[in-house]
Amino acid sequence: MAREIAYLDAIREALREEMRRDPQVFVLGEDVGAYGGAFGITKGLQEEFGEYRCLDMPISESCIIGVSVGASLRGFRPVAEMQFGDFITCGFDQIVNQAATLRYRYGGRVACPIVVRAPVGGNVAGGLYHSQNPESWFVHRPGLKVVAPSTAWDAKGLLKAAIRDNNPVIYLEHKYLYRRAKGPVPEGDEIVPIGQAAVRREGSDITLVTYGAMVMASLDAAERLSKEGVEVEVIDLRTLSPWDKGAVLASLEKTSRLVVVHEDVKTLGLGAEISATVMEERFEHLDAPVMRVTYPDSHCPFSAVLERENLPNADKIADALRTLAAY
Amino acid sequence: MAREIAYLDAIREALREEMRRDPQVFVLGEDVGAYGGAFGITKGLQEEFGEYRCLDMPISESCIIGVSVGASLRGFRPVAEMQFGDFITCGFDQIVNQAATLRYRYGGRVACPIVVRAPVGGNVAGGLYHSQNPESWFVHRPGLKVVAPSTAWDAKGLLKAAIRDNNPVIYLEHKYLYRRAKGPVPEGDEIVPIGQAAVRREGSDITLVTYGAMVMASLDAAERLSKEGVEVEVIDLRTLSPWDKGAVLASLEKTSRLVVVHEDVKTLGLGAEISATVMEERFEHLDAPVMRVTYPDSHCPFSAVLERENLPNADKIADALRTLAAY
Amino acid sequence: MASIKRFKFKLTTEQLLEMLYWLKLIRAFDERLSVLVRQGRVRSGVYSSIGQEAIIVGSCFGLEKDDYICPLHRDLGSFLMKGVSPGVMMAQMYAKATGLSKGRDSALHSGVPELGIFGNTSMLGANTPVAAGIALTFKLEQRRNVVLAYFGEGAANTGDVHEAMNVAAVHKLPVVFICENNIYAYSVPIEKSMAIEDVADRAEAYGFDGVSINGNDVLAVYQAAQGAIARARSGEGPTLIECKTYRWHGHSEHDPAFYRTDEELAMWKSRDPLTTFTTYLRHRQMLSDEILLEIDQRVVKEIDEAVAFAESSPDPDPSEAATDMLA
Amino acid sequence: MASIKRFKFKLTTEQLLEMLYWLKLIRAFDERLSVLVRQGRVRSGVYSSIGQEAIIVGSCFGLEKDDYICPLHRDLGSFLMKGVSPGVMMAQMYAKATGLSKGRDSALHSGVPELGIFGNTSMLGANTPVAAGIALTFKLEQRRNVVLAYFGEGAANTGDVHEAMNVAAVHKLPVVFICENNIYAYSVPIEKSMAIEDVADRAEAYGFDGVSINGNDVLAVYQAAQGAIARARSGEGPTLIECKTYRWHGHSEHDPAFYRTDEELAMWKSRDPLTTFTTYLRHRQMLSDEILLEIDQRVVKEIDEAVAFAESSPDPDPSEAATDMLA
Ligand SMILES: Cc1ncc(C[n+]2csc(CCOP(=O)(O)OP(=O)(O)O)c2C)c(N)n1
Ligand SMILES: Cc1ncc(C[n+]2csc(CCOP(=O)(O)OP(=O)(O)O)c2C)c(N)n1
Ligand SMILES: [Mg+2]
Ligand SMILES: [Mg+2]
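Chains as they are written, first to last, in my numbering: chain L, 1 to 327; chain P, 328 to 654; chain Y, 655 to 981; chain H, 982 to 1308.
These are computed hints drawn from the structure, not numbers from a lab.
No experiment lies behind these values; they were computed from the predicted model shown.
One thing to keep in mind: the hints can contain errors.
Quick list of in silico lysine-lysine cross-link-like pairs, DSS-like style, CA-CA up to 30 Å [to be verified]:
{"hint": "1", "chain 1": "H", "residue 1": "Lys1173", "chain 2": "H", "residue 2": "Lys986"}
{"hint": "2", "chain 1": "L", "residue 1": "Lys43", "chain 2": "H", "residue 2": "Lys1153"}
{"hint": "3", "chain 1": "L", "residue 1": "Lys43", "chain 2": "H", "residue 2": "Lys1120"}
{"hint": "4", "chain 1": "Y", "residue 1": "Lys826", "chain 2": "H", "residue 2": "Lys1173"}
Input sequences plus hints: build the corresponding full structure.
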């Protein structure tokens, strides 16, 4: 049987393998050195690769990203760690202006192969500043790629792809999945290509598009609906920018019904773009309006009682699926 | 006849009137003092109100916003100027985390009445870092309001409303309109309420939703279509968050066809949210898919040749309207 | 100008005993939290100040009600000294409806304007621009109040701290910057985050005074703080006080702190601020065994009551999960 | 350690005359640009370095090809000295297809990796973290190259500059920070943006040396730069060189610069770096009238040719408006 490891260990494995493969790859961030990072992702890397390939940085998110851009200009492939994805706002300008526009303003003469790893998402007692889902900001900005693995397999495969990619890639790792998602991982040079969604469950009645920690809840809801006679096709986007329009539309052509599920807030969450695109390109195929099951337009409360209220879950998803099936 | 002034002067008038009315209102930013700001908006204010109510700040966008938040906690109503809206990324964390979450994390016990003025938009030979349209980032973030006037009237009325509002308001002033938009302005205590769209042109065939500099181009396109026998209702959102769903849906119920036009890029531009909302709430009313006419997913090039290619204009809008009419 | 390290002060026996009470209360609060975390009763991140209490007690002692504090994550004690009851603070840590943020967040991410307490986001350093803003309002209103802005030696490296110190200097704002230099930022020792010995030296770069003091000596802290506060009140602008100290626990209660040696910890435990101050009081014959017992009993009682209050408090109402987004 | 102000250097007559050529070429380029702006032939923002040329010539002179520069917006001359032809730079200002960014942006927002030139965004200070990143790669590769990072005294107050200087200090990175202190940041005089006299004093706050020099004396700049570069090459880390100078024109060619006096301008014109250096060469009998004429003629010819090249160059192809977004 295949080796099964946790999502969190899969991330480390990707880092280690890429650092072994390519001496231009290095890691930088706060506490990533001897300590191994707040979540232990970079444990052992400094030992193996030395201080400078697994570099502790001062609390200076903007500089961490800026340093990465500089290093990329000289052929390096830095992987910057934000201690929590929430702090990415402190390095925002260096991402959306410095990194995202580099190739364009250089007239296409350079690439900017940096990866920014950001632990995101809630359901981990994180509260307002340790639970956020920042994907929309970056999906909205041209010049960036954004990925969000939901399995150990993808965590490893997408990180390897991100490191090899010649563009700035925002790699969103969901904290809820760190130890809860376990499974086999690709070996050797196998990667998970950026831009390709995965069908996690086939179904002919409704297409459900999701990513990250919501994949689990969505599959759960799909199982319930199956018992009610409704077969839901669950698509895990894996890459949020560019998202796999082909896969979504292909499934929709089969089902004619679509729901998008994400943990990010509703307004201008990725669901908005998918819904608008489907509207533009497959209006005639729709038997029902595209629905969205998302976080409300709210911050992420700390109290378990409050957070439970806000988080999408299998119940809420199942309800939406029923509404859609009955439409 | 009513007094007519330029958009840019209307902004200044709003500042001056509010500063006279309420001693807690003050202005801060780079070069806003004796110089009167890069665009002359704050000219004369330091002379009238003194150094500290029209305060020159060092080049420190993050601190400018943070100072505003601090002042708001003590009952002041600061109006911060970003020299160009593009630089708002340098103060991003203080807006989306500090200001936007303040009330929520204080359990509702405080308000955060700050205004961040940001000159935005292209078609002014600005290039990559003097042409951006940052609205989506803020519309996506709960806890903020976002306004974008298209006329001198609204420039004045919305700024007065923003200053009186108890929330952080991102006030997007379009540079292209500074001198090109001229008209009457509200007097005295009259304001333009945040959250209310304006119907700029009535029509029964297609609803066109837009804002900012695209209102002019949209009206132009609507005139052309009128000659072709298609009557387009043009809705100027004026407020982008919260956007006036009621007005949009009411118009749609009449026309059954909708196009959104904005200068911001397509992916996760405001059009996505409007389209998705219409899908959710008025699917049955739609005779055609909601369309979007937007900037492509690109940065804002400097060359006039390139910028022209990217900017939406009356031609492109008219084309979309024709497609929609023929659907 | 004499160094603020030699600022003349007088404290009555009563006041000195009150200081002891605060030292003990804060220690006891943190110790109890530590237990509650291990028991799984508090889910919040807990950043203990054990070993550092002299900084808060020495600097907050004698503050006026309208003076403002902008604490760092380790400064729970400052909330108590500024007037929040232990029960409310405990409820805040429990994320109960009776806590400062009504369960929206835990720890110090909420404030009390009436008591002059600012509650920061998690973003390190982001409190300092806000502090400058509050101080600016004191200047605008010609009040003699001050703002105390706290940050760690790690946070000293954020852009925000730089921008805020500079702005405070330019406008001679009444801010006392208090750097709690406990040698580590999470796992990163100071020599890996800055190439200088004394953070205090940074003050000169902005044009104001910086002193480095023994942060484990409550009277040394009081003396320097009073000196700096006196300066600030009389319009002489900001001061930076660097308090050398050490945290006995890990970064948070979940951190085993393998990155430091037992020897180092023992050395710093020998510098326990409570012991030092008790010895002082004994030398001055101010502290009888009865008084000591009385204080200890009072402290235990207050903490017990705080826990009882928190535990018996209701959870927030789920209906408040997404309210208070806007005023 | 002797001050780098007294660093020993030797320059041949040929080299000194080359310096004069560069001073004159850069002056002529900026003067021509100024005319072209007034004629409406160049639409780009032009930030003239007239009066400040000694800084770029003195610091870039003798750089190795692999050494990297990270210029500020006023440093067009550094592109020329690093090997970009005047024609290409002029085409860049004209936003022609033959410019560095193929018309995507103008001015210095594009770079040339093969020549060791970084092109920053507009965001002031944002080039310094990138400089640190480039320098980090030199350290990783154990190369003896250096990075020169330029910024104005206004930009010195951005968070990025703080974070970058600190990181460079911690890791002893081979960066020379060059502050062009021309007294004004746009309209804001230095006393309103910082409370210190010499930006050089900030270096100490990070643990490296800072010197303040006469930035209008090309040999003084060369001497200090060579000293700092020698240090950097031998692994001794960063240095900050503050060059006191003045810009003769407004902030940009559109700025009438009412905020300063004629007296001040006249005083600084009397310190013209070209006059000073010409006098030096005359004193050393190195500059005959023929050589002077020859240089002047060469400069005029090169500028004429550059303009001719730019004007005859094609506009970018509209089809490239939204390409090169991703590699
Ligand atoms: C901007 C930002 N980056 C990273 C973090 C994560 N983080 C929380 S506390 C901490 C260490 C803080 O060290 P220091 O400022 O010295 O304060 P101390 O905890 O030692 O009191 C880090 C890295 C954060 N909260 N904010
Ligand atoms: C982050 C940021 N804020 C504001 C601006 C607008 N701006 C452009 S140049 C300038 C003044 C720069 O002054 P200084 O750094 O001293 O350089 P100088 O122009 O004097 O050479 C300002 C405010 C900007 N480009 N970037
Ligand atoms: Mg610390
Ligand atoms: Mg300057």
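Among all the numbered hints in the text so far, which are the ones the structure does not match?
-> Every hint satisfied by this model.
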